[in-house]
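Peer 1: Could you slot chain H onto chain X? The hints should help.
Chain residues, written in single-letter form:
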Amino acid sequence: MKILVCISHVPDTTSKINFTEGDTKFDTNGVQFVINPNDEFGLTRAMWFKEKQGASVDVVNVGGPETEPTLRKALAIGADNAIRVNTEATDGFYVAKQLAKVVQDGGYDLVIAGRESIDYNGGMVPGMLAGLTGANFVNTCIGLEIEGDAVTAVREIDGGKETSTTKLPLVVGGQKGLVEESDLRIPNMRGIMMARKKPLTVVEAVEATQETKAVKFEKPAPKGDVTLVSPDNVGQLVELLHNEAKAI
Amino acid sequence: MSVLVYTESEGGKFKKAAFEVASYAKEVANMLGTTVTAVSVNVDGSSELGAYGVDKVLEIKNDKLATFNAKAYADALKQAAEKEGAKVVVLSSSADSKFLASLLAVNLNAGYASNVVALPENASPFTVKRTAFTNKAFNITEITTDVKIIGLSSNAFGLKEASGAATAEGFDPSLADEDFAVNVTSVDKATDKVSIADAEVVVSGGRGLKGPENWGMIEELADVLGAATACSKPVSDMGWRPHGEHVGQTGKPVATNLYIAVGISGAIQHLAGINSSKIKVVINNDPEAPFFKAADYGIVGDAFEVVPQLIEKLKEFKANNA
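Protein chains in written order, with my numbering: chain X, 92 to 339; chain H, 50 to 371.
Check each hint, because a few of them may be wrong.
Unchecked claim - Partner residues aside, some chain X positions facing chain H, computed with beta carbon under 7 Å:
{"id": "1", "residue": "212"}
{"id": "2", "residue": "214"}
{"id": "3", "residue": "252"}
{"id": "4", "residue": "253"}
{"id": "5", "residue": "284"}
Hints listed in this document are in silico derivations from the structure and should not be mistaken for laboratory results. Please read all numbers here as calculations on a predicted model, not as lab measurements. Quick reminder that beta carbons are idealized off the backbone N, C-alpha and C, glycines included.
Okay, chain X solo, but in the shape it has when bound (with noise of 0.2 Å):
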């Protein structure tokens, strides 16, 4: 089985959001870069696939140069080859055609994407990639079984989850439960060393449109302080929640 897991370089969790230029670009200064979250649950899956089944697990990304230590991570943590598509990823259906021509060169029987990234959360890629290859797909996917092309998969629905069977080509979108938080690995010292041997190559992009484009950027509005209720007065909260709020 070929595997392959896109990998998004989003700002760490614990960020500053900062934006420059007219608030039209992302403020990258001083910001650490990692594998988005929903992807890594999924690139430890794919492990596990390698490990157990023998599976092949490639990583690509779309982006420019400044990606390639995400890669090399990803490269880290066990993947067998890295992918850069060399252009910016302006917008979702931007890089779902870059990955597209990336899945049909290679020939993968499984794709797996986070169910979004936690930058722009726009949460297309994986569906929109499944659309432009025609693969069957599988969102919010947390749990993934393969034999041969036979596939069950659990997806997480709205108060509970869903188990579906299909085949391969398969494209899913990932999140935690596709593996637990405690199997994440942390690339060791031989992983490093190991990672920075394996290829990693550039592909130029393809002709594509653009269906979206990021005009502006906003930051909330600051929040007034907290109105702090005395744990002696509770029934003050629920007051302030009716005539105030007006949540209850």
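Peer 2: Only chain H this time, still in chain X's reference frame:
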């Protein structure tokens, strides 16, 4: 042309999200000088959509669609959009709608903006405001395609009643076998509980509750408020509560009218996930907990003393306001 809206249902009844997306679609249609067509699946009597501004309902009745299937639903919506010449398609932010949205975008070659929180700022160029960086910022996005898909964030717009009547007509999209290549075999869903996605109030517990055996009062508080229960990441990681309840950056986003956090300190990833909620309340014994900076109301106190009192006071309130 018209604005097409997918009005979700469950067990033959429209979900609240359906009325919210219909209300939103009506305002978009007013902006564009056109009408709203809704698509319903296996609902008897769609006329109540008229009260939220829908002019026409395409009623699909098909046993094969009894269980949600993203590809088949996306295919059906594509055919509806083409039949109506829709230039804008409005969807909710439910798990199902997000599942089908990107497939529909490919079907219609449409630009798709998810997590939209307000009416379009402009019709030409068509720009919408959406959340980004997990609620730490907003992003104004221009959709440049002829057909545009908007995924509306839950509780972002609310319900707007209108005084119209909706006409209904049957619609029978042609579905191919390959639309059903992903075959649902079982659904495991608590039917007696409000889901986080549908809830107007969410009560959430953190590590401060000390153990899963103490969740009774969280559930009771939720019960009094008709709320869904949720939890912080450490709580789901330790297996005290199911993953589906984990809210935050890598868990579920919460955009409710009222979010009550009990024993949650308020890590930045947690706050990001719940930031879209309108009113935030925190109960924590540590006055330095970061959650107090993000909350609207707070009680510095022992959850095991405060929550039972809050339950009593809410019961009194409900009895007096019933």
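Peer 1: Evaluate each hint against the coordinates.
Peer 2: Evaluated hints:
1. 212: 6 Å, holds
2. 214: This hint holds: residue 214 of chain X lies near chain H, its Cβ roughly 5 Å from the closest one there, short of 7 Å.
3. 252: 5 Å, holds
4. 253: 5 Å, holds
5. 284: Cβ of residue 284 of chain X sits 29 Å from chain H, so the hint is violated.
Violated hint: 5 only; the structure is consistent with all others.
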